[in-house]
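Trainee: For reference, the chains in residue letters:
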Amino acid sequence: MPLISLNQAGKRYLKKTFSFEINKSDFVLVSGDNGNGKTTLIQLIMGFTRPDVGFIETKKLKIGYLPEKAMLPMFVNVKAYLNTIAKIKKSKLDQQLLLAFHIPVVKSIHELSKGNQQKLAIVSTFMGKPDLIILDEPLSGLDEESTMILKTHIEQKKKEGMSFVVSTHHPELFIHMANQHLKL
Amino acid sequence: MIKYLYMHLFYSKKRFILVSAMILFILMMTLLVFTDESIVEQRLYQAENQIYYESMMRKLLTMLCPFFVILLSMDHDQQHLKPLFGYFGRMKITIYKLIFHILVLIWLYLILLMLYHILPFFLTHYYEIDTHAIYFFEHLFLDGMIIVLFTFIFIRDKHKALSVIIPVFYIVLSFIEEDHPSLILFYLFPVYSSYFYTLTLAYIYKICYICLGLIIILIQMLYEAI
Chain A
1 MPLISLNQAG KRYLKKTFSF EINKSDFVLV SGDNGNGKTT LIQLIMGFTR
51 PDVGFIETKK LKIGYLPEKA MLPMFVNVKA YLNTIAKIKK SKLDQQLLLA
101 FHIPVVKSIH ELSKGNQQKL AIVSTFMGKP DLIILDEPLS GLDEESTMIL
151 KTHIEQKKKE GMSFVVSTHH PELFIHMANQ HLKL
Chain B
1 MIKYLYMHLF YSKKRFILVS AMILFILMMT LLVFTDESIV EQRLYQAENQ
51 IYYESMMRKL LTMLCPFFVI LLSMDHDQQH LKPLFGYFGR MKITIYKLIF
101 HILVLIWLYL ILLMLYHILP FFLTHYYEID THAIYFFEHL FLDGMIIVLF
151 TFIFIRDKHK ALSVIIPVFY IVLSFIEEDH PSLILFYLFP VYSSYFYTLT
201 LAYIYKICYI CLGLIIILIQ MLYEAI
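Listed in order, the protein sequences are those of chains A and B.
At position 35 of the first sequence the residue is numbered 35 (the working numbering), and the sequence of numbers has no breaks.
At position 82 of the second sequence the residue is numbered 82 (the working numbering), and the sequence of numbers has no breaks.
Treat the hints as calculated values from the structure; they're not laboratory data.
A few of these clues could be false.
Said to hold, decoys possible - In silico lysine to aspartate or glutamate, EDC-like type, Cα no more than 20 Å apart, as pairs:
hint	chain 1	residue 1	chain 2	residue 2
1	B	Lys14	A	Glu111
2	B	Lys82	A	Asp131
3	A	Lys11	B	Asp157
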């Protein structure tokens, strides 16, 4: 049984529907121009909004979700935040990724730059044991070096059997990993 | 999860605001408690003094507690919880949020109950500690729960400034209930009033009202588009 199955699911304002399945170890790449429904598709998959037409079937999943704009508690220390997330997700901190990203852990989150906030959000998304990882514009605010680090990390996780849905304006970076490419 | 919610709610600036509000509240209570009567007079008119203190304090608490509660619950809808919805599910996060706010309310009302007794006990010579205040605080706690429920149902992050309407509405309602006790109004909004406070059924009705609110919140949180 697929992890998530969309059957003609869509919103009225979008004027298009989605039909596809996400299976274990799948890598679904979503790309397209602005306003074509990439974020809406992700919101439908996440269950944040219900489809006006069609239906979505999902198994009970643990989804690691990286929103388009990093959503973090602003006035919390980075280290305390990461430790708490690790504790509630019952996992350990990914020191390797944390060190590679050079996130200043002693600062408060609101003191971090946009890029560092994005990196922090990425680290917290990969924490725990998610069945599926959904990344909405993961490269937003990242420099070239961090983009490569993220790409390598995704490749590694993909080899370990993790499923991904990635929405991006740079599909060329992930196309070699994708087994489904939705061009909206 | 409780620790995560705690970290967000009690960040440094908010802690400062809460501590300042509490100090201001203690100062107001001290002013109310302060008396220029002699020790002999205070003891002679012990019952009158105690009744006066209790009625004044209850009015003050009825007016200030809702604002404390709103200060603590207005930030309940936070965007940073969205990524956690995907991992833990909406139900789990909502239940933890509710448990956390109930714990915060218990903490708040225990501090207020403590102050309610300690300040007059040390500052006056007439005050005698009794258990009557516990019933009043029970009602106040349930009112706090009702305010939290209304905040959870109606207040979202985009328009959280509007949350101030809830305590104002509560105070207006409790004034109306004091002057013109109306059963229908009490059925709609069972807020504290010295008239209904003595009825055992009022207590049970409030608990049922809160349970209904909790069910509405759970349904709303599960199906609301976020």
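Trainee: Now tell me, hint by hint, if it's right for this structure.
Mentor: Results for each hint:
1. Of the pairs offered as hints, the one joining lysine 14 of chain B and glutamate 111 of chain A holds, with about 17 Å between alpha carbons and a cut-off of 20 Å not exceeded.
2. A threshold of 20 Å between alpha carbons decides the hint, and for lysine 82 of chain B with aspartate 131 of chain A the separation of about 17 Å falls inside it, so the pair holds.
3. Simply put, lysine 11 of chain A and aspartate 157 of chain B have alpha-carbon atoms about 24 Å apart, too far for the 20 Å limit, and the pair is violated.
The earlier numbered hint that this structure contradicts is number 3, and it is the only one.
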